[in-house]
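Going down the list, the protein sequences come from chains G and P. Those letters in the first sequence? Residues 5 to 185, by this note's numbering. Those letters in the second sequence? Residues 15 to 204, by this note's numbering.
Do not take every clue at face value.
Okay, derived cross-link-like pairs now, DSBU-like style, lysine-lysine, Cα gap no bigger than 30 Å in a straight line [to be verified]:
| # | chain 1 | residue 1 | chain 2 | residue 2 |
| --- | --- | --- | --- | --- |
| 1 | G | Lys-123 | P | Lys-132 |
| 2 | P | Lys-132 | P | Lys-120 |
| 3 | G | Lys-88 | G | Lys-110 |
| 4 | G | Lys-88 | G | Lys-123 |
| 5 | G | Lys-110 | G | Lys-123 |
| 6 | P | Lys-122 | G | Lys-7 |
A few chain P residues facing chain G, derived, Cβ under 7 Å [to be verified]:
| # | residue |
| --- | --- |
| 7 | Asp-54 |
| 8 | Gln-55 |
| 9 | Asn-88 |
| 10 | Leu-91 |
| 11 | Pro-92 |
| 12 | Lys-120 |
| 13 | Glu-146 |
| 14 | Asn-173 |
| 15 | Gly-175 |
Far from chain G by the CB rule (all over 12 Å, computed), these chain P residues [stated by the list, open to error]:
| # | residue |
| --- | --- |
| 16 | Leu-49 |
| 17 | His-50 |
| 18 | Thr-56 |
| 19 | Ser-58 |
| 20 | Phe-62 |
| 21 | Cys-111 |
| 22 | Leu-113 |
| 23 | Arg-119 |
| 24 | Pro-131 |
| 25 | Arg-137 |
| 26 | Asp-157 |
| 27 | Val-162 |
| 28 | Leu-180 |
No lab work stands behind these hints: they were computed from the structure. Where is the CB? At the ideal position from N, CA and C, for every residue including glycine.
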Amino acid sequence: MAKLAVPVNAQDHIRGNANAPLTLLEYGDYQCPYCGAAYPIVEQVRQHFGDRLRFVFRHFPLTQVHPAAESAAEAAEAAGAQGKFWEMHDMLFTHQYALDDVHLAKYAAVIGLDVGRFKLDLASHAYAEQVREYFLSGVRSGVNGTPTFFINSERHDGSYDLPTLTAALQSALARGGLSVS
Amino acid sequence: MTRSVSDHDTDYKTTNTEESRHALEPGTPAPNFTLHTTPDQTVSLTSFRGQPVILAFYPADWSPVCGDEVTLLNEVLPEFRRYNAELLGISVDGVWCHLAFARDRKLKFPLLADFEPKGAVARRFGVYRRHEGVSERALFILDETGTVHWSYVSPIGINPGADGILNALESLPRQANASGNNAPADTART
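Isolated chain G, as found in the complex:
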């Protein structure tokens, strides 16, 4: 069973209760259709578990097959630098069909970023190194495609349809509860 090589840390983007007992971590690519399909499932899972779950997203752009994936990942990081990572994350996954620079700038404006700074960050690839670090941490963790999910640092090798993912999380929650008691 592959394990998360780099534990969740201060650099990570965490959605939901940061101290939740359950962690769902995704290595994903904004241009990957499978990640796009997983996006609403993750949202439903987050709703279902509420404060018991924190969701972490790390970049794993497959740049040779998805030419827009790298700049989309850098765009999310640039938005994160302005405190709006998740707003951009949502925009990217709900607009996967238009991830060129012109559209990225439009999304930046819609979510209220300083667009000038955002464009500069993209043009200078200010966050390319950070994206590469995420990618390499995924490689080291045994990420073998996108999306790859980890539940409490163990790779989830099953399907990521809603019932399967919910059941896997529920069972991890139960195991966590047992180990605490």
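Given the structure of chain G, go ahead and fit chain P onto it with the hints provided.
Structure of chain P alone, referenced to chain G:
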């Protein structure tokens, strides 16, 4: 992800043949081979003496998922090159199939056609699945002398990822001339 080959023996007893239960073990000199990578180019294993070689056997081109094994290896290629390692993909598909597949996935490493006699190289490495007529999903790391340093046979439906390869490359004795060599190796060796 880094279980040894022998851990997997039992996984395959129902479907595998003798040939695929004996993947070459660490310490074994790798048999040399020459295979076509394009209609008019061949690659010989001996051309890579003096540098580590990653042999990635896989069942077939055109896996239907976008995060498949060769796509992943292609993305991690710059990391392999930090170890001066050469990556070679091998399947029983023919050169024209490989060309189309490599172009579609924008692959930056050669795919070798173990096509005629079919699967001959996979058989010599002990990773041929006779009933299916394809190779296992198997990885071999050869050291600079062409000896198997590490090998891994993945369950055929599971992309093994690249963590095992990087760990194996790290565990190779350091080469005197390898550090800092980021230059892409010439892949068109004839």
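Practice problem: Taking the numbered hints from earlier one at a time, note which ones the structure violates and give those numbers from smallest to largest. | Solution: 1, 7, 8, 10, 11, 13, 23 and 28
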